[in-house]
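Line order of the protein sequences matches chains A and B. Note that the first sequence covers residues 1 to 247 in the working numbering. Note that the second sequence covers residues 1 to 617 in the working numbering.
The set of hints was computed from the structure by calculation and includes no laboratory data. Ideal Cβ placement from N, Cα and C applies to all residues, glycine included. Don't take each hint at face value.
[To be verified] Computed spacing ranges between beta-carbons, pair by pair:
#1 P220(B) / K130(A): 56 to 66 Å
#2 E426(B) / K69(A): 48 to 58 Å
#3 Y325(B) / G123(A): 55 to 65 Å
[What the hints assert, rightly or not] Derived contacts from chain A toward chain B, CB cut-off under 10 Å, selection only:
#4 E50
#5 L60
#6 L105
#7 V133
#8 G151
#9 R162
#10 R164
#11 Y185
#12 K197
#13 T242
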Amino acid sequence: MHLSLDRGYAMSDTVTLKINGRTITASAGSTLLAAAQSANIYIPNLCSNEELTPYGACRLCMVEIAHGKRTRMVASCIYEVAEGLEVQTVTERILNVRKLVIELLLARNPYHPRLLKISHELGVQASRFKEDVKGCILCGQCVRTCREVVGVAAIGFKGRGRTRTVATPFDKAPADCIACGSCAYICPVKVIPLEDKNNVRTIWKTEFPMAVCKKCGRPFAPEKQLAYFRKIANLPENHFDTCIQCR
Amino acid sequence: MKKLKSPGELAALQAEIRAGRDPKKPCITICAGTGCLAYGTQKIIECFRQEIDKQHLQDRVQLRTSGCHGFCERGPMVVIHPQKIFYQRIKAEDVPDIISKTVLAGEIIDRLSYVDPATKQKIVYEHDVPFYKRQTRYVLGMNGDIDPACIDDYLAIGGYSGLSKALSGMKPEAVIEEVKKANLRGRGGGGFPTGWKWESTRKAAGEPKYIICNADEGDPGAYMDRSLLEGNPHLVLEGMLIGAYAIGSSQGYIYVRNEYPLAVHNITLAIEKAREVGLLGENILGSGFSFDIKINRGGGAFVCGESSALFASIEGRSGEPRAKYVHATDQGLYNKPTNLNNVETWGNVPLIINRGADWYASIGTANSTGTKIFSLVGKINNTGLVEVPMGITLREIVYDIGGGIPNGRKFKAVQTGGPSGGCIPEQFLDMPVDFDELAKIGSMMGSGGMIVMDDRTCMVDVANYFLKFLEEESCGKCTPCREGVLQMRLILDRICEGQGKEEDINTLEWMGQAIIDGSLCALGGSAPNPVLTTIKYFRDEYEAHIKHKKCPAGVCKALITYSVDAEKCTGCHACARVCPTQAATGEKKKTHVVDLGKCIKCGACFEACKFDAIKIL
Chain A
1 MHLSLDRGYA MSDTVTLKIN GRTITASAGS TLLAAAQSAN IYIPNLCSNE
51 ELTPYGACRL CMVEIAHGKR TRMVASCIYE VAEGLEVQTV TERILNVRKL
101 VIELLLARNP YHPRLLKISH ELGVQASRFK EDVKGCILCG QCVRTCREVV
151 GVAAIGFKGR GRTRTVATPF DKAPADCIAC GSCAYICPVK VIPLEDKNNV
201 RTIWKTEFPM AVCKKCGRPF APEKQLAYFR KIANLPENHF DTCIQCR
Chain B
1 MKKLKSPGEL AALQAEIRAG RDPKKPCITI CAGTGCLAYG TQKIIECFRQ
51 EIDKQHLQDR VQLRTSGCHG FCERGPMVVI HPQKIFYQRI KAEDVPDIIS
101 KTVLAGEIID RLSYVDPATK QKIVYEHDVP FYKRQTRYVL GMNGDIDPAC
151 IDDYLAIGGY SGLSKALSGM KPEAVIEEVK KANLRGRGGG GFPTGWKWES
201 TRKAAGEPKY IICNADEGDP GAYMDRSLLE GNPHLVLEGM LIGAYAIGSS
251 QGYIYVRNEY PLAVHNITLA IEKAREVGLL GENILGSGFS FDIKINRGGG
301 AFVCGESSAL FASIEGRSGE PRAKYVHATD QGLYNKPTNL NNVETWGNVP
351 LIINRGADWY ASIGTANSTG TKIFSLVGKI NNTGLVEVPM GITLREIVYD
401 IGGGIPNGRK FKAVQTGGPS GGCIPEQFLD MPVDFDELAK IGSMMGSGGM
451 IVMDDRTCMV DVANYFLKFL EEESCGKCTP CREGVLQMRL ILDRICEGQG
501 KEEDINTLEW MGQAIIDGSL CALGGSAPNP VLTTIKYFRD EYEAHIKHKK
551 CPAGVCKALI TYSVDAEKCT GCHACARVCP TQAATGEKKK THVVDLGKCI
601 KCGACFEACK FDAIKIL
């Protein structure tokens, strides 16, 4: 993130805007959330990740922008910075949305520290709403990671509305999954089970055999993941025969 | 049919069709809209065909199956031209009489004529029926003159003249200027000025530019767009052609839900016919302008009526909205400049070009011009489609056109704007209906659904019904809509079951505002409206449920009991006969009783009692 505070000029690829009255310079095309973070202005968020396509689903990062004489609520993780924009990140209207969102998410997942921390910051003691504990908060980071970072799209959303879940196609063993575990790693509330045991990785209710390092003999990665890496990495065929330590 | 190569050839074809038709020849127009087909009209059509064959009248009498006439309450119905004799609720057995007596001998069959319930007067002609008389049917009125499968019918009434006029004498910018001057606003709900949208799309960078007709009508009880697409598909095509020319688009889409099979069928047929005569395709009417249309059938998700979800659906992805911080006019379908208008909006365009912006702007109010089609349903005598000038009062729609509330019951509210609209109470009956006035009182125009409710409608129950609909139709992407609407509905469930808490009303109001402020698209952004408007205007009903555990309208089962008023009960035994659980019992001619232990609160006894002796407490 390009950041230069109040230098009195703007480079052609930057814009100057005001967040909570402070003048900020940010690269054109970046999101309000990224611009705020670069200026050390905190905005809570759960579905945003700088490595992933902006998604705008959790709605915790809502901010208010001046819109003529009125103001407008926008999700800072998908709204692009613009020259002269005036942004407020903490108003009553914003806090009401954030409080509602965290209360609603606590009804799905009442225990994860990350949610509890946000609710604590917002002064929300507990959710008033009927609990239906599902764990997953449907932020979609796993789905986007699988598609955009790993490049395989082994998981996706299923159902709509309250029946929406993250699932493998037809709830069967995912054909495209390489068992890399990126989904479990990225999950902000750690609800995707992943287990490595007896040279087998279990993820999405499917067992994947682990490859054994040809030098040290330790299991180090799922065979499917290595096969996928061999295909896309353009490295010598035997590069992935050994673990990182032995390479 | 040979392809038309110039506006002159189109005019010649129109004249030729008209010349070949005898305006005095009797024409039996039978409504074959979806409503009338559900009444069994198909069988009646067959009977007419057989009877015409039997009496060898093929050359003397014309039979036309048309789209929806609008007066659905009175179907199946026919209108006999040229006099426009109106017969309603006809049966197959009536067909021989209609042909022999009316068509051939000019005699009116009393039993089939409409009797105005208010004056008890028999009404012979369609244009004298109060339901039609007080409407302004510029868009829907053509339905009765057209067999949607017959392009000649549309050409005979001057169809495609608007397109011809635009192509032969107007620059695209002039067409846009005309639509802007007419002040046409989007009929799909938002009321955004159509001309501005067209201009933005025309000026946007990027090729190709797309135009889309949104026929994903999904509001419960609303069927205006369906009836227009079914009944007059060429009107919609002509509107799209004019729009495409103005915007500079060569590819259009019609996104229509697959639950509308007749609409899909008729528009498909219309597109084929229009291609045949050269009104769609390359070099239309020799102007150099080329345009064609693809039909996309939707799976019926309500959210796909939202523009960005609709684009996703056409692109083959799941119908989920994205944030609209970039306008569709800049980046819409396939990230190209896209102009999306609703069926009725497109249907208004040929009128504007044909008759001019000044004429169009003279109808309606200053900021809401033209007419609007509403589907008038619920507790109303004349269920049907009504087209009225903007600015007409709700009272005129409900009482003068709609004929008031059935069984002399009291009007309570009207829900406008579909599930995301609001419930408007009696105090606003004299308010003019237009985009801005409806918004002022917390409702909206929406696509034109109008659900009338009487005093036996529980407003908490109504709010709960709409929330349930939206809960099921939420795509589930953003938290406030997916979880918030669900939690609001759970609170309403509790209230209806007598488990309401003092703080519930405040909680609902607080949640409602936060959901509106926080949701990703307009579905969540308007979902709380039915709750917020019913709390605003019917707070006492909520309080009765919560504080006194009573449902004043006698709807919420957990809060009501049935009993017999001994003074009114005549012992007719009607209640006992219909009671499915033998809870209502008694000897004939003696006062009956309801055993609350057995009663399942189905309300059958209440409906059956002719003496008002069953009480709901």
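Hint-by-hint comparison with the structure:
The supplied range of 56 to 66 Å is broken by P220(B) and K130(A), whose beta-carbon atoms lie about 26 Å from each other. At about 34 Å, the beta-carbon gap between E426(B) and K69(A) misses the expected band of 48 to 58 Å. Judged by the Cβ atoms, the range 55 to 65 Å given for Y325(B) and G123(A) is violated: they are separated by roughly 30 Å. Using the Cβ-Cβ criterion of 10 Å, the hint placing E50(A) at the interface with chain B is not satisfied: the shortest such distance is roughly 17 Å.
For L60(A), the interface hint holds, since its Cβ comes within 10 Å of a Cβ in chain B; the closest pair sits about 8 Å apart. Checking L105(A) against chain B by beta carbon gives a least distance of about 6 Å; that is within 10 Å, so the hint holds. Because the smallest distance between the Cβ of V133(A) and any Cβ of chain B comes to about 13 Å, over 10 Å, the interface hint for this residue is violated. With 10 Å as the threshold, the beta carbon of G151(A) stays out of range of chain B, its nearest partner Cβ sitting at about 18 Å, so the hint is violated.
A distance limit of 10 Å between C-beta atoms decides the matter here; for R162(A) the minimum to chain B is near 5 Å, and the interface restraint holds. Given hint, R164(A) at the interface with chain B, holds; its Cβ is 3 Å from that chain's nearest Cβ, closer than 10 Å. With a least beta-carbon distance of about 23 Å to chain B, the hint placing Y185(A) at the interface is violated under the 10 Å criterion. Of the supplied interface hints, the one on K197(A) is violated, with its beta-carbon coming no nearer than about 34 Å to a beta-carbon of chain B, more than 10 Å.
This hint is violated: T242(A) has a C-beta 41 Å from the nearest C-beta of chain B, more than the 10 Å allowed.
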